[in-house]
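2 protein chains.
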Amino acid sequence: MGETVEQSVAKHEPILNEETLKETLEDLRELIEQKADSFIRNILVNLHPADIAEIMRYLSEEERHYLFQILPKDVASEVLTELDQPVIDEILSDLNPKEISEVLTEMDSDDATDIISELPEQVAENVLSNISEEDRLEVEELLSHHSETAGGLMAKEFVAVNQNDTVDEAIQEIRKKAEEVEDVYNVYAVDEAGRLVGEIPLKNLILARPGSRVKDVMDTDIVTVYTDMDQEEVAKIVKKYDLVSVPVVDSEGRLVGRITIDDVIDVMEEEASEDITMMAGITETDIPETSPFKVSRSRLPWLLVAFGGEIISGYLMSRFQTSIAQLISVVFFVPLIMAVGGNVGNQAAVVVIRGLATGEIALVDTRRRLAHEFLVALLNGLFLGTLVFTISALWLHDPKLGLMIAISMIVVIENAAFLGALIPFLLKKIGIDPAVATSPFITTSNDIFGLLIYFSMVTIFLKFL
Amino acid sequence: MGETVEQSVAKHEPILNEETLKETLEDLRELIEQKADSFIRNILVNLHPADIAEIMRYLSEEERHYLFQILPKDVASEVLTELDQPVIDEILSDLNPKEISEVLTEMDSDDATDIISELPEQVAENVLSNISEEDRLEVEELLSHHSETAGGLMAKEFVAVNQNDTVDEAIQEIRKKAEEVEDVYNVYAVDEAGRLVGEIPLKNLILARPGSRVKDVMDTDIVTVYTDMDQEEVAKIVKKYDLVSVPVVDSEGRLVGRITIDDVIDVMEEEASEDITMMAGITETDIPETSPFKVSRSRLPWLLVAFGGEIISGYLMSRFQTSIAQLISVVFFVPLIMAVGGNVGNQAAVVVIRGLATGEIALVDTRRRLAHEFLVALLNGLFLGTLVFTISALWLHDPKLGLMIAISMIVVIENAAFLGALIPFLLKKIGIDPAVATSPFITTSNDIFGLLIYFSMVTIFLKFL
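Residue numbers (our numbering), protein chains in the order written: chain A, 1 to 465; chain B, 1 to 465.
Bear in mind the hints are in silico, worked out from the structure with no lab data behind them.
Computed from a predicted model, the values in this text were never measured in an experiment.
Hints are not guaranteed to be accurate.
If chains are identical, the list can't say which one is meant, so a pair holds when it fits in one copy or spans any two.
Lysine to aspartate or glutamate pairs mimicking DMTMM-like chemistry, simulated, CA-CA at most 25 angstroms apart [claimed, not checked]: (1) K98 x D135; (2) K176 x D230; (3) K236 x E192; (4) K22 x E61; (5) K35 x D242; (6) K429 x E63; (7) K35 x E360; (8) K428 x D84; (9) K176 x E19; (10) K236 x E360; (11) K35 x E233; (12) K428 x D266; (13) K429 x E173; (14) K294 x E233; (15) K98 x D250; (16) K176 x E26; (17) K215 x E360; (18) K98 x D221; (19) K428 x E269; (20) K400 x E232; (21) K215 x E33; (22) K400 x D74; (23) K429 x E192; (24) K176 x D89.
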């Protein structure tokens, strides 16, 4: 008995940390090379599909294919849903439509739909013709929704009963769907027209008298989303109301699907990654391994924005050529002016962008936020201005020149903070994702404005002082 | 009947969008001014606590206090857990310890602990002496764990039974705890020593024969976390295995708490925000309204890094003063060299940082990733190099100078991509959050290296060509 306990406690541990991952990976590689299928099966049977998927990411293409074809169909289907798109494409390109449909049949409708939507049209049609009528209709319905909406996110697997049914009948319905619907958190109640009228958390179902009617024990005060709601909005709602699943209704209020928290978490991560990479000037999240040509093409547009902007900066500097020739030392502060302006602008922008994304800042906050950023920039400007005054006055032995540089820097900082905070609000207002605003856009425009301000001050200084 | 249905359908909609938020806000403001308490109560009774919390964020300090003292204690407690820390501090500073403890008594143990841990020590002690012995012991246990570990995240509210109990007894236990534990997803099974040996999802409990033993229907192959596991690790596990809650065990394997998905989502958002703001050079997430002095202080260190780095850049440029005086036009390309280097470095860094954070990239990928980034940078370098050659050769009427600038740019780009991708891996390896690596660190060091490379090339060019 004691031993059984020990065993199950041991099993509880998260199955892979970086070291066990490496070990298992090496074991599997060796066994794959020896084609020792039964040993491989022995290892795989103890692994969670999510762990198998993680291991697959590190295998070579041939090793991956070899391992995948050993997996039982139901495990293969779970592993597939955990993999990144380029790897999925690669694995499926090796299977014929019949084999693909066998794997998809084991999947939840939302995952199967995601995979089918990425297949070449011809293959997708072939696959669809190989799965059951019922599954095909579900997938076709899900395909009809835009992939980044609630309809594109939902699955057709849920438990629903008529509100006039009894609690006992609801339990029978769970039993009937037990295999199809893996995670049941709520039973949904609908009226004769299929419209969603309430839900019963399983806890309440367990505690209810078996004879009572569903409509007498259901919650009617529930949160639902419409099929055409943007997935980012769905994620915000799920987070705000602490839900683990949310029912999806069509425009008539009929229950058509259910979104579970694991898919919502994927959306949150996707949106966060999108924001982060977009801020660094990458149009597509290019983390998964794809060809360097593709990645280069996705990053180049943003580099070209910076390129164009800084050619303008250079051209503007050339207009101040006489001033520069007169006092070469002013160019030593060009990197400083550019960097401080860029960083201040980015700081202001990122806080606003992230706040708008998580809902902590709303459009109604615009004026308050700008005033706030203006004050923060003033404080930092005064501090850095004093510092640069001291350094430049000592370095160049010219306090008047130092004062000019310090004043320029304060103006540049205020300008950068103001633009950095304002631009995300403006983009949000006209319906563009504010995350596109930061570097290189904000940095580049701050460079242009910053150098213009700086060299104008230099010219005035040289003329009048 | 039809009307009832319509009503409940109407109630389903997410309760606040930006417009209804504004309207409700204005209504409440007016009513607060008129001290029309019963009208205010009528509005509040229909709102979800999460919506009340959102409204509170937009009220003035006095309005907020007025509204909070009208709320029933249980709603007040739910609203409080949804608010940001500065607002919580402000509201609680107006309450005496007895009032605070009344609100905390209604909360889950993890939320109560979070709030107590932020109170001034004297107040916290007073509050603790005012709550029940049982609650106090729970809070004191939770306070003993580091706040960013599984122990700091978990709550003491869960349902556990002995593995030898029957399914019927498990259901009785749920009934007993129904009020205390709001969301039950699993019943945990423990042995005589309190060690966790399995769990039963509610679905399986419903479908099990009432007389069967817990140990015969429980899953033993479950994922658990230890009290001292880092919260980021917990979030990764919950995400990887698609969990909605995870049991927490101590070093002896005894069940001591439960972490629910809503808290894990907060961790994920917190970590994403931390990464994003850190990348822009902000040490603390300063989205909530705090004093400009505090915000300025949190942003200044990063500006000083940039400041110091760019003073070094300026000093290096001054060492090339003779070259610059000889050929002033080379400084027109300083903004371009800096910006392209900075952007390329950031792109490479952000992809690695985000990949390491989500687990899509691991340390074992280092060499492959560096090679990948080197290739991408080479492609972008060749493209931008050709472009800058054409532009500068035409602009300055000197193809040889144009070629020098183009070659410098390619070298700068390769250097920036290499550093950008490498530094996050190095930081991760020595246990520092890689997110600190990006701007201003990477940008600033890329500026220094970039200008050094560029002006060295300029000097060689002037000497030999």
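Status of each hint after checking the structure:
1. For a Cα distance limit of 25 angstroms, the shortest separation of K98 from D135 inside one copy, 15 angstroms, qualifies, whereas the shortest one across copies, 59 angstroms, does not.
2. For the homomeric pair K176 and D230, neither the shortest alpha-carbon distance inside one copy (32 angstroms) nor that between copies (40 angstroms) is at most 25 angstroms.
3. With identical chains, the CA atoms of K236 and E192 are never at most 25 angstroms apart, being 31 angstroms at best within one copy and 43 angstroms at best between copies.
4. When the C-alpha separation of K22 and E61 is checked against a cutoff of 25 angstroms, the pair qualifies only within one copy, where the shortest distance is 17 angstroms, while the shortest distance between copies is 55 angstroms.
5. In this assembly of identical chains, K35 and D242 lie within 25 angstroms of each other by CA distance neither inside one copy nor across copies; the values are 48 angstroms within and 32 angstroms between.
6. Taking the shortest alpha-carbon separations for K429 and E63, neither the intra-copy value of 50 angstroms nor the inter-copy value of 28 angstroms comes in at or below 25 angstroms.
7. In the homo-oligomer, the alpha carbons of K35 and E360 never lie at most 25 angstroms apart, since the shortest distance is 55 angstroms inside one protomer and 28 angstroms across protomers.
8. Taking the shortest Cα distances, K428 and D84 sit within 25 angstroms of each other only across copies (23 angstroms), while inside one copy they are farther apart (30 angstroms).
9. In this assembly of identical chains, the alpha carbons of K176 and E19 never lie at most 25 angstroms apart, being 42 angstroms within a copy and 43 angstroms across copies at closest.
10. In this assembly of identical chains, K236 and E360 lie within 25 angstroms of each other by CA distance both inside one copy and across copies; the values are 11 angstroms within and 24 angstroms between.
11. With identical chains, the CA atoms of K35 and E233 are never at most 25 angstroms apart, being 49 angstroms at best within one copy and 35 angstroms at best between copies.
12. In the homo-oligomer, the alpha carbons of K428 and D266 lie at most 25 angstroms apart both inside one protomer (23 angstroms) and across protomers (24 angstroms), since each shortest distance falls under that limit.
13. In this assembly of identical chains, K429 and E173 lie within 25 angstroms of each other by CA distance neither inside one copy nor across copies; the values are 47 angstroms within and 52 angstroms between.
14. With identical chains, the CA atoms of K294 and E233 are never at most 25 angstroms apart, being 30 angstroms at best within one copy and 32 angstroms at best between copies.
15. For the identical chains of this complex, K98 and D250 are neighbours neither inside a copy (33 angstroms) nor across copies (49 angstroms), given an alpha-carbon limit of 25 angstroms.
16. Taking the closest pair of Cα atoms, K176 and E26 never come within 25 angstroms of each other, the shortest separation being 43 angstroms inside a single copy and 50 angstroms across copies.
17. Taking CA atoms no more than 25 angstroms apart as the test, K215 paired with E360 passes in neither setting, with 37 angstroms inside one copy and 46 angstroms between copies.
18. Within a single copy, K98 and D221 get their C-alpha atoms no closer than 45 angstroms, and across copies no closer than 33 angstroms, so neither meets the 25 angstroms cut-off.
19. For the identical chains of this complex, K428 and E269 are neighbours both inside a copy (20 angstroms) and across copies (20 angstroms), given an alpha-carbon limit of 25 angstroms.
20. In this assembly of identical chains, K400 and E232 lie within 25 angstroms of each other by CA distance neither inside one copy nor across copies; the values are 53 angstroms within and 52 angstroms between.
21. For the homomeric pair K215 and E33, neither the shortest alpha-carbon distance inside one copy (60 angstroms) nor that between copies (41 angstroms) is at most 25 angstroms.
22. In this homomeric assembly, K400 and D74 never come within 25 angstroms of each other (Cα to Cα): the closest approach is 77 angstroms inside a single copy and 64 angstroms across copies.
23. In this homomeric assembly, K429 and E192 never come within 25 angstroms of each other (Cα to Cα): the closest approach is 42 angstroms inside a single copy and 60 angstroms across copies.
24. Taking the shortest alpha-carbon separations for K176 and D89, neither the intra-copy value of 34 angstroms nor the inter-copy value of 51 angstroms comes in at or below 25 angstroms.
Comparing the model with each earlier hint shows violations of hints 2, 3, 5, 6, 7, 9, 11, 13, 14, 15, 16, 17, 18, 20, 21, 22, 23, 24; every other hint is respected.
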